[in-house]
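Line by line, the protein sequences give chains A and B. Per the numbering used here, the first sequence starts with residue 1, numbered consecutively. Per the numbering used here, the second sequence starts with residue 1001, numbered consecutively.
Check each hint, because a few of them may be wrong.
Said to hold, decoys possible - Which residues of chain B face chain A? A few of them, derived with a C-beta cut under 8 angstroms, are: (1) 1113; (2) 1134; (3) 1286; (4) 1287; (5) 1301; (6) 1302; (7) 1441; (8) 1445; (9) 1449.
I should point out that these hints are in silico values taken from the structure, not numbers from a laboratory. All residues carry an ideal CB built from backbone N, CA and C; glycine is no exception.
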Amino acid sequence: MTVAVEKAPTAEKREGRREKRPAHHAHRAGRPHAAWALPGVLFFTFFAVVPMALALYLSFTSWDGLGDPVPVGLDNWRKLLDDPRMTQSLWLTVVLTAASWVFQTVIALLLGVWAAGRQRNRAVLSAIFFVPFLLSSTAIAILFYALLDPNFGIIQRDTLGSQSGAFLAIVFVGGWQFIPFHTLIYQGGARQIPDVLYQAAAIDGAGRYRQFFSITLPQLRHTITTSTVLMVVGSLTYFETVLILTKGGPGTDTAILPYLMYEAGFKTYDFGYASAIASSLVIAATGLSLVLVRLTGFGTMRSTREGM
Amino acid sequence: MESSRGQVPGGGTSGGGGAHPLSRRRFLGAGSASLLTVGLAGLGTGLTACGSGGGAGGGDGKTLTAFVYGDDAVKVQQAGVDRYNKSAAAKKAGGTVKLQKVPGSDYSPKLRTAMGSPSAPDIFFNWGGGSIKPYEEAGKLVDLTDIIEGDPVLKDGFLPSVLAAGDLKGRHYGIPMRGMQPVILFYNKTVFAEHKLQPPTTWDQLLDINAKLKKAKITPFALGGSDVWPELMWLEYLVDRIGGPEVFKRIQDGDAEGWGDPTVLKAAELVKELIDDGAFGSKFTSVSYVNGGAPAVFARGKAAMHLMGSWEYSTQLGKFPDFARSNLGWAAFPTVEGGTGDVRNVVGNPTNYWSINARTKNKDLAVGFLKDCASEAYAQALIDNGDVPTTSNAADLLSSAPNPEYAKFQYDMVQQAPAFTLSWDQALGDGLGTKMHTEIGKLFAGQSSPADFVTACKGLK
């Protein structure tokens, strides 16, 4: 911990120096050449853009995985709009995303802020908290599936047999896995908040709660945006947990969009329709991230410490 | 138990999600079609994992690849491959067969994506009927009809009804390669003895037994509802007993209006009554068969009966050997009063089949391998594994089965059945079968009424 204490002032000193420079120099200094992005761009093109383009192409075809895709125009997209299961899935996805966000953000934020303290035991505990994130989603889902077994598990209730139970289980298991990751982000964010702010607040007589709501939360707003974007996009692609815990059931009660896509593609072999669902998910995820970034002012690249 | 999952009707599409779920990487690696998910998941890994080498497209005809459902029963196929590779027939055809064991839950998607790629298998395991229809339509199957007709070993090697059950439009595309899998009404002998009960032979008796068991606080039936296919078994038998095999035959032949037959509605209503009556207990929608939940409920006496495929015996033998040996009873599904279906009719999977990829570079080698399935050595290996082979010599081997009494019951059941209805999901194929599963799951979960169920099924395409 002493290391962190020593580093903090140097970081502030550097920050201070930079502020004295003229503004237009500040944003040019040290900016890497565009060519540096080449490996990343190539990788992204090959593994993300090309497949996405292919999926978009497939969404205008009918293809059962054998033979050649047959162009069918807008059929799959029309089906997407008319499919009652799609409507249900969309709603379920929205609810799951919202519930996961609330559950994960509240806990991760509090844990992260707490873990940003300086006591030795917190560092140890933080390391332990991080463990679930290191496990694979599949392993976690299998573990919880066994724990939730209605006859032989630890909670001998019909948890996964009702919509509310199955939903809560998915939100909880997802949270159990991803809260550690977001805790880490919040911990990092909270450690960046200068101590002077708290010292000043303490002198002004602000208590712990006042300090949390008036300093910590506002200072963390960009961290919250980052974490939220990751969470929302993550929830939109939530798949393994649903596949293993509920297979979309009971009935179709937990069949969220990624599961519906899997079912359309790899169970009914309607790859055209699955691609339409996949494309709509990409569009929704991109749209949502843009909206979040715009609404929170994250995109203006302004520091939380401006004006300090 | 693994061996059971190889034989579940849902098979690769519905059987194994619980125990061997798809990891994201494997999901992505499933083949070229996985491209559509890569952009979404932001992961580029696994794309190269689809190539397995030695396939029909890239091979030289010296080594043929055979895809098989990878479970415990695969040792029978492995022994068959080893035997064949050393045989004179294989030497004459100039090559060997290599078995590729695909984990159960991945089997269908893996096969589908591989068949559309250069690494397609030469020979592959399947469920016959609807499960191979898309491959036949895409011209990817060798029509085995003339080959079988012209070869005494194959022609007389198998029970004709079983060979025919895998047919498409009266042509053979598959050779039987695993045991027969009729659906049987199992019961717990100890529980039945304690409560002075006899296995039901009519539906009224079944309801009567249910009432007595519930009074004794025992769930009448174990049911792995989260897997859906065990629920399907109830509809299959009820429709058969009420209206006979013709009702589903019509649906299987492509007439969706067949779902509107009053028999289907009546069967769905009987199911609904059972559910509301608590015949399956209150937790069945979250109980699974594949993870051993339902078999355990049954073996431990929490439930008195279990409607399940013949593999229930080997499942119990693996998990609760004492129960399987001394307390496991079996009976035919009861008649329904007023129904026209023959009580001897059977539903389930006649067996599994090998089919040959039309693009194979060495058809002689592949056909030679398929012939081995008609050999006595192969049939004996199936018997030793606890299965009942579908070969014509099976009757002579039954006495050497781990449980000859059970083997004989099963054999006679299939042998004497006027009709053997293939599991509906397999008969309809993956596309319709999956959608039908969804509707059955909703019916059992109480999300739709019997009338809704019929309407929804009529609309499936």
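Against the structure, the hints come out as follows:
no.	hint	result
1	1113	holds, 6 angstroms
2	1134	holds, 6 angstroms
3	1286	holds, 4 angstroms
4	1287	holds, 6 angstroms
5	1301	violated, 12 angstroms
6	1302	holds, 7 angstroms
7	1441	holds, 5 angstroms
8	1445	holds, 4 angstroms
9	1449	violated, 13 angstroms
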